[in-house]
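A.B. asks: The lines below spell out each chain.
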Amino acid sequence: MSAPADEPAAAAAPAPPGKTGMSRRSELPWWVEKILVPVVFLLFATMLPFFFDPGSAFISTCALALAYTVMALGLNIIVGFAGLLDLGFVAFYAIGAYTIGWLGSGFFSQVGNEEGWHIFVSGFAETQPGIHVNFLLVLVAALVFTTIAGMLIGLPTLRLRGDYIAIVTLAFGEIIGRAAVNGDELKLSGFPIVGGGLENVFGPDQTITAGRQGITPVDKVDLPGMDPFKSLEQRPWYWLALAMVAVVLFVNFRLRDSRLGRAWIALREDEVAAVSMGVPAVKTKLLAYGTGAAFGGFAGAYLGSKNNTVNGDQFQFFFSIFILGMVILGGLGSIWGTVLGAITLTFINFELLPRMSDWPSKVGLDFDVSEINFGIYGFLLVIMMIMRPQGLLPERRRKMELTEDAETTDDTLYTARA
Amino acid sequence: MEAASVPASGPGAPRKTFWDFVSTYGLIAVLAAMPAYFAISDLLSDEDNLSRLGNNLVDGMSNGAIWALVAIGYTLVYGIVELINFAHGEVFMIGSFTTAAFFGFIGLTQDTSAVLLFFGLLLTLFVAMAASGMLNVMIERVGYRPLRGAPKLAPLITAVGFSFILQNVGLLWLGGSPEGIPDLIRAQKELIDIGGVSISNGDVLSIAVTIPLLLVMTQFITRSRLGKAMRATAQDPEAARLMGINVDTTISLTFLLGGILAGSAGLIYALYQTTIWYFQGFTAGLVAFTAAVMGGIGNLKGAVLGGFIIGFIQQLSDNRIAPEWTNAIVFVYLILIMVFKPSGLLGEQTRDAG
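Sequences listed follow chains A and B, in order.
Everything in the first sequence is counted per our numbering, starting at 1 for the first residue and increasing by one.
Everything in the second sequence is counted per our numbering, starting at 419 for the first residue and increasing by one.
It should be emphasised that the hints constitute simulated quantities derived from the structure, not laboratory data.
Quick caveat, the model's predicted, so the values are computed rather than measured.
A hint or two may mislead.
As the list claims (entries may be wrong) - Away from chain B, derived, C-beta distances all over 10 Å, residues of chain A: (1) G116; (2) F202; (3) N308; (4) E351.
Claimed, not checked - Residues on chain A that point at chain B, a partial pick, calculated with CB under 7 Å: (5) V168; (6) A171; (7) I175; (8) F191; (9) G325; (10) L365; (11) D368; (12) G375; (13) F379; (14) L381; (15) V382; (16) M385; (17) I386.
Here a beta-carbon is modelled for each residue, glycine too, at the ideal position from N, C-alpha and C.
Hey, can you work out the whole structure from these sequences and the hints?
C.D. replies: If you want it as structure tokens, here you go:
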């Protein structure tokens, strides 16, 4: 943060007490966190698919884990940095997924005289009816939609505090989830816009969502200069997700150390003090919602394409809790912690629990584990939280707050980076 | 927005008056909108009287009583440890399951004589209350107490964990689909008819259980020594500890009370709906938590009021609009109320907000 400021402080208080010195030595140099760890991590992650079959289910789970990491990093901005407890993150997942459901499938089958609209798409999708837009443009659209939605959701919470924010975001998540499930009853022609204009374009029977049946199939990711992805070839999906994580991680780190990131943390720590220091509370909070939501929308659009369906049942309250669990388990506000939390919970859910089904028979018990998957998952959550209440990799600033006899010297203050 | 409200009391008084006006009358308008709309449309249509609306309101009140009892559990716990106890809905579900199991065990059927049925159900009520109360205390002991002093959101995740565990218990207990149980009190049978509004056995049961429990609870919290300790701990745990209050015991007591009320709500639900399943707690938890927030979390009367309001909204929406949109409508109401009155209907300043 400010190396020059560090030196006078150290000079003013020579020979700091042993405890401070200890904690200092155990701190890693800045370049370990900023350069070494990410590079090693990325290299390893890029090489990983070469050790498995191209169509391996494991790589598919890894790609899922990475997509969830993007979501968790988005939620971490809202909950971890800005301290606004959001229980309705599923809303952004839904909006992102429906963006690709609408703009990349045969769902609007009546448009363009049943021939469809095609924008920068190639291959199979070009021949299909419905709206088909290139994946990169869909990402941009998802970004715009979710940012607007995030700010709209943020607006009513501005006058609220603490857990009231939680319930209002939960309410939005539930409303959007209900709308997704029941959207197959709502007809676009029922909206009286421009004198039945919607009916002329989309046809009389066009609904808003496909409800529980789901919009399927969804266009595969189609990047410029490459063939569209295939569902049997998991490696490109994985690499794309990895690239998204890398971008989002970079943005996250830059944001955290930026003026905006410091404003978020200031608001989280003490809203009154932050506001009286001139932090614009409304703008800062709305930006937190908007940014976090945008990441959720990114991952939502990707998952819609990867799962090949956008189904109303995917957007339940449980999903918000699943993502929030990743953030809290990893360590609220800690970027690497969130990544670790996301990967851990995804693997418990999609690899560990399904694999446990044959464990009892191995020790000679006749017992179906899949019946108690839910309970095991809950048990693991409880155990992990009790063992490490501060999270797997706590944020440095919080770690300092939690240590009972932490000395608030200038030294510790300067080294504590949010 | 504390910073904005402080100067408003001084020179910016007109703005404050405006907001006061909006919060008071806007809120009343929002709350009255739905019943008023249906009342007028009933009167204008060929039905020409309000008995359908009356029936909706009576049914809404019975359901609201259940939500009110569960919501008190949320609000008590929130008031004292500032935790959204996500496992509370499941405690309610276990209350329902215990009820069904216990009256099967003591052999109550529809043919049991009225007197025996009364005492049998009273016994069942105590068993359900005890089971849920103990369960809630146990959850607190295992899941939340070790995390006191940990980051505020850590217990939230253990709460979710316990909620999953209990759902799984329910799933193993009665299977994955809704289970019908004997309609002991003939819940839908009409008892009296007041001007076209029919009041069924189930309505009487839910009110007859809820009102005394609420009275006893209020008396306990406002009058007794332990209740005083609870209020003191809710205000300031540190100061309460310094005054010689055993904070841990007080918190356990709070969870016990919340669990007891959830258990009684579970009994009403089981007898009134006559179908129970492992997932009922999830929905109930969400609805009751919404009720608690709507009324102003931490406020007992608010929780009861919120519970009844949600009961009415749900019934009107189920009966008049479309059941599949009910939850969405409840949440739209919640958001509107939060917009007009950010601290809930009867909101108090909690420690967090103060």
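A.B. asks: Confirm or reject each hint.
C.D. replies: To see whether the hints hold, each was checked on the structure:
Listed as outside the interface, G116(A) is consistent with that label: its C-beta sits roughly 31 Å from the nearest C-beta of chain B, beyond the 10 Å cut-off. Non-interface status of F202(A) relative to chain B is upheld: no Cβ of that chain comes within 10 Å, the nearest being about 22 Å off. With a least beta-carbon separation of about 26 Å from chain B, N308(A) lies farther than 10 Å from that chain, consistent with its non-interface assignment. Consistency note on E351(A): stated as away from chain B, and its beta-carbon is indeed over 10 Å from all of that chain's, at 18 Å minimum.
Among the interface hints, the one on V168(A) holds; its C-beta lies about 5 Å from the nearest C-beta in chain B, closer than the 7 Å criterion. A distance limit of 7 Å between C-beta atoms decides the matter here; for A171(A) the minimum to chain B is near 4 Å, and the interface restraint holds. For the restraint placing I175(A) at the interface with chain B, the shortest Cβ-Cβ distance is roughly 5 Å, inside the 7 Å limit, so the hint holds. Given hint, F191(A) at the interface with chain B, is violated; its Cβ is 17 Å from that chain's nearest Cβ, farther than 7 Å.
Hint status for G325(A) relative to chain B: holds, with the closest Cβ pair at about 6 Å, below 7 Å. A distance limit of 7 Å between C-beta atoms decides the matter here; for L365(A) the minimum to chain B is near 15 Å, and the interface restraint is violated. The criterion of a C-beta within 7 Å of any C-beta in chain B is not met by D368(A), whose closest approach is roughly 10 Å, and the hint is violated. Given the 7 Å rule on beta carbons, the hint for G375(A) holds: about 3 Å separates it from the nearest Cβ of chain B.
Hint on F379(A) holds. Least Cβ distance to chain B is approximately 6 Å, under the 7 Å limit. Evaluation of the L381(A) hint against chain B yields a held restraint, the C-beta minimum of about 3 Å falling below 7 Å. This hint holds: V382(A) has a C-beta 4 Å from the nearest C-beta of chain B, less than the 7 Å allowed. Hint status for M385(A): holds, given a least beta-carbon distance of 5 Å to chain B, under 7 Å.
About 5 Å separates the beta-carbon of I386(A) from the nearest beta-carbon of chain B, less than 7 Å, and the hint is met.
When the structure is compared with the earlier hints, violations turn up for hints 8, 10 and 11 and for no others.
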